[in-house]
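S.K.: At position 163 of the sequence shown the residue is numbered 163 (UniProt numbering), and the sequence of numbers has no breaks.
Calculated directly from the structure, the hints in this document are not laboratory data.
Where a beta carbon is used, it is the ideal one built from N, C-alpha and C, also for glycine.
Hints may be right or wrong, so weigh each one.
[To be verified] The calculated BS3-like cross-link candidates involving lysine-lysine, where the alpha carbons are at most 25 Å apart (straight line), are:
#	residue 1	residue 2
1	K331	K407
2	K407	K457
3	K404	K463
4	K239	K227
5	K331	K261
6	K457	K405
7	K330	K261
8	K227	K331
9	K261	K227
10	K463	K331
11	K457	K404
12	K22	K42
13	K24	K42
14	K405	K463
[What the hints assert, rightly or not] So the derived label-pair ranges between C-beta atoms look like this:
#	residue 1	residue 2	range
15	S559	S471	43 to 51 Å
16	H237	P355	33 to 41 Å
17	T500	M472	21 to 29 Å
18	T567	P473	34 to 42 Å
19	S559	H535	27 to 35 Å
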Amino acid sequence: MYPDPLTPSIYGRACSNCAGAKSKCVYASNDGGCERCRRLSKQCVPSASVRKRGNRRTGSSRTAQLEEKLEDLVTMLRDQSSGKFAPNSIPTPSPGGASANGFHAGSDNPSPREAAGHGARAPQTPNSHVSGAMDGTFCDSRLASAPVAPISSMIPLPNTPAGRLEAEASIRSFRTRYLDTFPCVYLPRSMTAEGLREEKPLLWFAITMVTCQSSSRQLAMGDTMQKIVAQKLVVEHEKSMDILLALLVFLGWSQYNRRDKPYLATFCHLAISLIFDLALTRPVGESSTIMCFKSLNQAKLAPPAARTMEGRRAVLACFYLTSQISYTMKKMDGLTWTPYMDECLNELSRQPESPQDEILVSQVRLQLIVEQLHRAPWQCYEPRTAGTAGPPASYLHALQSRLKKVKSELPPELASRVFMQLQLHYTKLVTLESGLSRNASPPSSNPDFRRYDMTSKCLEATKDWFDTFFSMPSSDLHAMPFLLWSQLAHCVVTLYRLTTLDEPAWDRAQVRDTLDLLVVCDRIIADFNAVRTKHRLPANDSEDIFFKGARMLQSMKSSWAAELAKTERPAPADAAAAAAAAATTAATAAVQGDFVDSVTTGPMAVPMMMLDESWMVDNIWLTDIFNASWE
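Please work from the sequences and hints to get the whole structure.
M.R.: Now the structure itself:
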């Protein structure tokens, strides 16, 4: 006898027993009961369930949802282009809603959809976006998928006629006055402020910051500049010529930035790393990476870029800038000179795009002499001892011959420029100072005429530098780059050492007659005050670099005047007092060591005890170039 055929129940029509047990319900064909209820001797009762059907979406509601999503996307793009919605950007410090340089940012008017359907929602600012990203409180999916903000949306833009006129005046002043001292970039006369802002927005912002006449605005714009550079280079890994040129301008006139914390070495290394990332220190065909672990397709993704005059000029300017900062501050190593940079120097010399390129070529050739002295085997960052040997006489003679050759090859028009003459006198001074280190021979009471001759030439070079500096109009001091500030500090320190040098056959009174240290300080202070009067700077603007520089020189002058007054006193009559004075002089000489070419270490160090601690903390940059340490 065959078993009864079984038929599964229809979906959703299982009996109440099987539905409660969540078991499969199978009906037999001979009667109405299911197989499970018959096996368990239960009454099979069909369940009375009504299946609920979901509401079908009509075509009109689906279209409305798509339109709403599209409107959200359009609103987000509109906010992004106006600078109002930039989650990855760094906000510009703008008290009262105005931008740091007096220009206003994009409009803050809400979009039509926000005004109609989201009027109760508070408007979000870039500050709220950044804080939300830091603490992980984002709840809007649009912010997570927003594109990276361009540089132009991170800086203030001019939108008034007064702002455009001010921007054009800044570009014109930077082209004619500032670039004559440090030609790190070429700006043709046809380049307008609006065109530069569209092509290189960060460079435009850096130029606007440097040429600004207000200290408070400069400091605020400098803070914004540092945040943008850190965001673009460190966070977003962006590499572009715009960022490099802006960094060179930022560092070239870094005396106008906030000086309460050390930043020069950090941003110099950022510029050097960007030089290497853009492959500006090697020819086009030379590869800097190992390709054995890269596929052929991956290697073809980044074709080498053709070398341009802009890139050659940038790498030479970066070398000149970082090499001088390295020599002055003794805190870092500058950009290393490569054979390809020789080609860049020769190419820029053969085909200059402007007379300012000839200035840069001459500055680099003079700096190469200083760089050879700085990287010589006898040079080190540690203070020299009394037995430290200096450079051989033949080496110094070769460098001095090279300096004369560079000077003789200068065009007459270029050689007559004040800033080029300052560079020539400074290079000569550095070369002479390097030969004033004593060798390991024991001290002798007999005068060293070779040393006396070089010391006299140091005094002559220092006098030539100050004579040229004082011939410069005070109005040009505002365009003076940071490198000339460091040269000024070096020459002041050298004059102090020459004035107080206690050696046989060295007449300190003759030094005062030739170049009086206190008179030099007074003239520098007067020039700094004249700059403030010329540019109509507020008298109570304590953040102004010329106000700070004059105050520091005044403090140093007071201390030096007291020290010089002690040395000019008549000799004591009794033998005991004379012996005590001689012992004090010997102890001081032992502490000071030898006369060497170092501004920040060794006997060239300037005593800074006359400056109180609060002053040195608030003016780290100035105290550093006058031999106060950052650490």
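S.K.: Are K227 and K331 close enough, with their CA atoms no more than 25 Å apart?
M.R.: holds, 23 Å
S.K.: Taking 25 Å as the top limit, are the C-alpha atoms of K331 and K407 close enough?
M.R.: Between K331 and K407 the Cα gap is close to 30 Å, so the pair fails against 25 Å, i.e. violated.
S.K.: Is 43 to 51 Å a correct range for the gap between the Cβ atoms of S559 and S471?
M.R.: violated, 28 Å
S.K.: Note whether the CB distance of T500 and M472 lies within 21 to 29 Å or breaks it.
M.R.: Holds, at about 27 Å.
S.K.: Need the status of pair K407, K457: alpha-carbon distance at most 25 Å?
M.R.: It holds: about 17 Å lies between the C-alpha atoms, which stays within 25 Å.
S.K.: Is the Cα-Cα distance between K457 and K405 25 Å or less?
M.R.: holds, 19 Å
S.K.: Straight-line Cα separation of K463 and K331 no greater than 25 Å?
M.R.: violated, 28 Å
S.K.: Taking 25 Å as the top limit, are the C-alpha atoms of K405 and K463 close enough?
M.R.: The given pair, whose Cα atoms are some 22 Å apart, holds under the 25 Å limit.
S.K.: Do the alpha carbons of K457 and K404 lie within 25 Å of each other, as the hint requires?
M.R.: holds, 15 Å
S.K.: Quick check on a hinted range of 27 to 35 Å for S559 and H535, using CB atoms only.
M.R.: Given about 29 Å between the Cβ atoms, the range holds.
S.K.: Hint check: K331 vs K261, CA-CA at most 25 Å. Holds or violated?
M.R.: holds, 14 Å
S.K.: For K22 and K42, compute the direct alpha-carbon distance and say whether it is at most 25 Å.
M.R.: holds, 16 Å
Going down the numbered hints, you'll see the structure goes against 1, 10 and 15, while the others check out.
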